[in-house]
Amino acid sequence: MADAADPFAGRLAEGRSGGRRGEPAIVLAQIDPPAAAQLQIWPGKREAVAKALAPIGITLPEGRDLSNHFGRLCGRIAPGRYLVLTADTVADVAAAISADLGAVADLSHARAAVRISGPAVEDLLAKGTALAFDADAFPPGTLAQTSIHHMGCLILRRSETVFDLFVFTSFALSFSEWLTDAAREFGWRTDPSVAIDQVPAHSS
Amino acid sequence: MRIPCPVCGLRSVSEFTYEGDATVLRPPLEADGDTWFATVYERRNPRGPHAELWHHTQGCRCFVEVERDTATHAILSARLVTPTGAGI
Amino acid sequence: MSGYRLPERGALIDRSRPVHFRFDGRPMTGFAGDTLASALIASGTRLLGRSFKYHRPRGLLGAGVEEPNALVTLGAATTREPNIQASIIEIFEGLRSESQNRWPSLRHDIMTWPLSIVNQGLKAGFYYKTFMGPGRRAWDFYEQVIRRAAGLGAAGKEMDQSRYEKTNAFADVLVVGGGPAGLAATLTAGRTGARVLVVDEGPVLGGSLFESRATIDGLPAIDWVRAAVTELQAMTNVRVLIRATAYGYYDGNVVGAVERVQDHLAERDPDLPRHRHWTIHAGQVVLTTGATQRPLVFPGNDLPGVMLGSAVERLIARYAVAPGREAVVAGADDSIYRTTLALVEAGVAVRAVADARPSPPTDLAAPIEAAGVPVHAATLLGQAKGSKDVGRVRLSRCDASGRPTEGWSETHSLDLVAVSGGWTPTIHLASQAGGPPLWSPEIDAFVPGPPREAWTAAGAAAGTFGLDAILADGVRAACSALAALGRPTPQSTFAASDPDAPQMAPLAIRATGLGKGADKAFIDFQNDVTASDVKLAHQEGYRSVEHLKRYTTLGMATDQGKTSNVNALGLMADLEGRPIPDVGTTRFRAPYTPVSLGALAGREIGGHFRPVRRTAMHDWHVAHGADMLTTGAWMRPRVYRRPGESVTDAYIREARTVREAVGIVDVSTLGKITVQGPDAAKLLDRVYANTFSSLTVGRARYGVMLREDGFVYDDGTTWRLGENDFLMTTTTANAAGVLARLERHLAVDWPDLKVAVASATDQWAGLAIAGPKSREVLRTVVADVDLSDAGTPFMAVRKGRVGKVAVLVTRISFSGERAYEIHCGARDGLAVWEAVHAAGQPFGLVPYGTEALGTLRIEKGHVSGPELDGRTTLSDLGLGKMASTKTPFVGRALMDRPAMISPDRKVLVGLRSLADAPLRTGAHIIAERMPQDMPSLGHVTSPTFSPALGAYIALALVSAGRERTGERLTVVDPIRNGTPTEVEVVSPHFFDPEGARLHG
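Protein chains in written order, with our numbering: chain A, 1 to 204; chain B, 1 to 88; chain C, 1 to 1000.
Please note: incorrect hints may appear among the correct ones.
Said to hold, decoys possible - Part of the chain C face toward chain B, derived, beta carbon under 8 Å:
hint, residue
1, G252
2, H376
3, P451
4, R452
5, V748
What the hints contain is simulated information worked out from the structure, not anything from laboratory work. Fair warning: this is a prediction, and the values are worked out from it, not measured in the lab. A virtual CB, placed ideally from N, CA and C, is assigned to each residue, including glycine.
Model the full assembly from the supplied sequences, consistent with the hints where possible.
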């Protein structure tokens, strides 16, 4: 049995398929599950929360942007609602936010993540979601929430051709099955797992 | 059909769940049975522009009030339903 | 043997690549690029099928998707696909094709109806008249025979093994149709940098330009097409989809298209789909879908060898195929002259041109006459004759409105008739997404009505004819689309010089079909609807086109009346003495052409049909012999069967072990929602029928939620982890619904509440450990928790550790035994499960599944999904006392309506089988052993065998059930042939009603 802490149960540990047109056009890498927290800010408390988070290196982003402060990511998932993703811990987030400012729910175990890159990445994702991927509609450094093959999915666009996808942990295996099936025509291979704060080296 | 979510942008209707007639507001829980009966069961069902609530279930999970023409399915407007001051 | 390959021409075929295929088993040869139809006609085969009702011999009528006759079955076994138009299928090495609706063979079809029978028999409404009413019995008898005799191809019976996929595309401008107007639009929009997607149903872009003798921007039309395609391929902002049919136009400018990715290939790539469905999200749509030529309605017009002029031109230009040697060309518009020229230049002997109009255009007629072909004005094609194909035609005169007149006639022997009744714009998509089509008398056809989505029609689809005008219209449409998108509009022109310059000037000559021989004048070839059928329908009072369509089946089936609609409407209008616009037209519906079901399903088949959810312990369950069951989206262990055990044996053993020792069950699937914030308790008080604000930190409480209409919705325990911090659990089934409800309350109903909710179902893995030895097991494996009854009383929530893993321990029981739940982060779930499992071995611990879980809760009378069926109230379930009398809650106002407190309501009771026989879910309960005339008193909701009682028991909902305690009733299950079983009504708390074991 694969490592119990691997929500993909080894399915993305190593693999390769297709690629009959040469080098696989899709590269999959499991993301070491990051610590995650959902932060809800009470109305009128945004500034106070921003101040409380500054010392622990978390910046509240604007719009759909993803703030990235030395690998601690924060994205707005709804007005007043943010998701913090970080390789270390979110305990300091909960500690920083008092009950009069907002609420913090630790969701570190709730999501599995995979990084998808390669020249065919947009064509691959288009099979699962009706999301426009051109740079105007979905620029690098932003996030989108959608569903892929009926599974809720948070997508971080880390660069032009690198996407980090988060799904609920219990769907991880179903999601990897969909992913590797949809990637057949492009050919895919896996890279060793990466940490959420490992920023893609190149963008294409 | 596509719904312009004020948070996420224009999205396929398959990401949303219909949550009913937006013109029907819930009375206080203490309200009497007749008031609640009207809330739960009575609908105008108009032909033409109509305010509807849609939940962006597979997106930001916000509630969107969509003005939609029930005869043509044209979407005329969409606004976020959100607690006062939460637009932050 | 009429058709043959021409030595020159053939823009689409590659003569260096012969392709071998079979038709009805016979080996044939064509060239790469041929359609099945062109290859068959080139080899002299023109009998391609038998008609739907009458089994009349049929050949090729059209050249594309309008083809009504030439339907074949392709492939065999798992690839078998019926009713494919020979005119669109591209041949490949090894292709197998078969003709349809004939027996024993296409040439000798003994089911061909003699016309004498046709005349009396299968007219419009035949089935209704013969078999409805008193004839209904006869239908039962004849149905088998008729179904075999009439029809199209038969679908395969084996599972289709092909791969199908679905995908999405986004475009600023979607151009549907890559003919001259579409190319002009695509080039114009593409050159501005806009994202353009152009789809064309054919294997190449260019459309009618392949048959054109024109030049565009100084280049021969085909060269201009090639240059345009090269330019488009170099544009990264332009995507070209060929072999892709846009079949449906949906709300919000969403267009559905199916791309036939590999149908034309002999060697298919298993990693690629056969068909790919495209959901295209477009800013603006340009509809350049072209036009379809109409046939003429005359007796014998369905004989093989009678073809549309456009089909003849296409066979010659694209495939270098001459479909005959001696021809007559007849029609009512200018395009007959272009067809004639194409035939003459291909070396076909054209005996005459019959132009129905009183004064044919002399500039077009002159070169024809110069070539020695007589042109007859005011002349109709009166009749065609032949046995298996056309052999001769009779021409006769008509008046200025196209009605036949007596006098002159002329007969020609021939093997080819090319006809044109004018052109019908292809307005299907425009009609799907627009107002009613408008009648254009200039072109004698409907043009698109007002748009209801963001589209512009251009070119022939919009009723614009003449190449120069079509190209300009394509540019105009692209510019208007760009302007609507707020983008700059370019200056763009394409200059065409077309020697044929067909100006549309058709004469409506449909009524010719109504004279002698109207029963052989076909309007709808695919459905065998003749002019006399339309006349009969009219006589019988069918005045609405919608009724006409349904009575005669006109315009139905795979071609959806592409060649027949206008002719039928015109005929109907003539009979009515009303103009066509008054008669109206039927609205077009998707799909424009048939869509494979596989493409609609995509990969949502088999194991991919619906994604499933697995708990952290999933693989452990499988490795330990669990039968996994899907409950909702979750995979759960049903039983852990040991060798030789049945499911029943296993759950009885598991349940008994829990009552006697200890067991563990995976409860990770419970819905969990964080409810946090200063108003969290206030929210819970409102959504639960019972109070939560009085719950102290470190305690859990069972709660029940109602719907607004007062019926029970969901239940579960909610734990107070901190002053402002609750963890709510829901049933597995309602987790998503409860979260959405809380979100709605917070966003819409009570926006003043400061509460945050989040789904935490996937955050936690959980196990329940139940049984008299559960505490002893926990003492060996859980640290940092005082497990004494004082330290962890019933309904306490404690933080502790299992090894290094932080856990929550809650003392909750679903089984009635002393029991605890342990929850931890999902990634640690397996480690904790294994630790508890190992610690329990000295105590006889077993894992148990959902069957035993169900048995244990039924023995205790705990309600679950089958009882929370949306029709039960709190008091029905014996929970009436839970409702708060102080704080109002959702459902309070409507829960006490008269019908909901009626004394004869069905309420929760226990049933104990008096026979040694199982009870079944859904079986009804009656007072005596006589199912007839006996009202049902209720039904069985949750049956099981109770190892604790040694009896078959069940929870049930029974009318006035509590008053029936001790009564003997009968459970009947007539639908499933169940044996009536006598039962005794008992308390639903079958086992340990005092609850002593909770503390045991």
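key: Numbered hints the structure breaks, given as an ascending list   = 2 and 3
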